[in-house]
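Take a look at the letters that make up each chain.
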Amino acid sequence: MRVALVDAGGANIGSVRFALQRLGVEPELTADAEAIRTADKVILPGVSTAGTVMRRLRQLDLVDTLRALRQPLLGVCVGMQLLFEHSEEDDTPCLGLLAGTVRRLPPGAGIRVPHMGWNRLSLRREDPVLAGFSDGDHAYFVHSYAAPPTEDCVAASDHGRAFAAVVRRGNVVGAQFHPERSSTAGARLLRNFLEAPSP
Amino acid sequence: MLARRIIPCLDVRDGRVVKGVRFRDHVDMGDIVELALRYRDEGADELVFYDIGASPEQRSVDRGWVERVSARLDIPFCVAGGIRDVETARAVLHAGADKISINSPALERPVLITELAEAFGVQCVVVGVDSIREADGEWRVRSHTGDPARMRAPSVRTLDWVVEAQRLGAGEIVLNCMDQDGVRRGYDLAQLAEVRAVCTVPLVASGGAGEEAHFADVFRVADVDGALAASVFHGGRIRIPDLKRFLRGEGVEVRDA
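Chains as they are written, first to last, in the numbering used here: chain F, 35 to 233; chain R, 17 to 273.
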């Protein structure tokens, strides 16, 4: 199985790569459109800002490539936010693979932003990417922006308001939390994604 | 609901975990990866590695051990000590650290906080604050606390610095209450509550943990997001599974290990 890890400049690329290696998969770190198009699975990581990562994807001429993928695509954290139409962060037009706008989490009484730490997943519907998950499992989040829990949301979490923690629509999967740092739950999500059928 | 975090802090020198007695006579405690995985298995929510050699010796962190930890550890970790510029921070983050923590370099050149936040996002940037109550009753910061001979008192009020650090781009504050440090009589609840009132980003308490009840107190009274401790965990005085069971019984939301 060839797994392409899109090199969009995020700082967590190394950690995602290590997490895949722990599952026995050696991903190909690449910014090459052909390598991405022909991979069995594609992962778009990203710790940075929506604007920075989108700018880099445009510079690398990868936007259309990512939009046209038929094989399973996983966006992690900012990588998941980019799957949506638009992000409030730097007023950034995104990939538009999922409907909705990513908005800043509102601070409030006892609600600190960034949302940083382990929070519970609330499962919304059964999905292969959540095989083996239980309602209330903890995952590790670090983010200030989040996508709304639209109909593509298979697991939500809550920080001041409900937001999408895991999304899936067809071949497109997103995790707002960091699977590479979410212990057993994180490894499970990655394994489920890697086991998803490729076309 | 967001779980309150339990964070063991490990001192690192030359890629080994060490335990210091009064800043010297460091005792080797073992391999950094082995100890990190042991804490992970026990249910630690996050780890902080403090490179105690880096800052006083004016050298930057050796990224070799950061990479070794990242390859094996599947919970988040933060690296502190010896990070004084964007390039060093980049090397540490790219080696796999989730966050970097800066303390003295931020006091010397506050715009460093902004440079790091712009380069990597605020969520990667932790500002550590060493604070002590002075004779006039005010809490003020200290810098270069890793080496008693070089410690400085820059005459900055702790509350002012916490506000300023957030304005500049800090994504998390770790407040180390020096009066409490190593005394094991509990966290400095009064100071932490005052800092909490001006801190809208996550706040981590450090200094003073001696028994399980101290953790319940600091979460309930000072409403901190995380509690950091070193000696009580390393010495085996508090075991993390027991601590979490206790906290859960006290109604504190913690992660199931």
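Take the hints with a grain of salt, since some may be wrong.
Stated by the list, open to error - Derived DEER-like restraints, expressed as beta-carbon distance ranges:
1. R:43 to F:169: 21 to 31 Å
2. F:169 to R:267: 55 to 65 Å
3. F:85 to R:180: 37 to 47 Å
4. R:43 to F:195: 47 to 57 Å
5. F:141 to R:176: 52 to 62 Å
6. R:131 to F:63: 20 to 30 Å
7. R:102 to F:170: 53 to 63 Å
8. F:166 to R:247: 34 to 44 Å
9. R:247 to F:55: 30 to 40 Å
10. F:159 to R:163: 51 to 61 Å
11. F:184 to R:151: 30 to 40 Å
As the list claims (entries may be wrong) - Rough simulated footprint, nothing fancy, chain F against chain R, three-plus residues with beta-carbon under 8 Å:
12. 90-98
13. 195-208
Derived from the structure by calculation, the hints contain no laboratory data.
Cβ coordinates follow ideal geometry from the N, Cα and C atoms, glycine included.
Next on the checklist: Are any of the numbered hints broken by this structure? If so, which, sorted upward?
Outcome noted: 1, 2, 3, 5, 7, 11, 13
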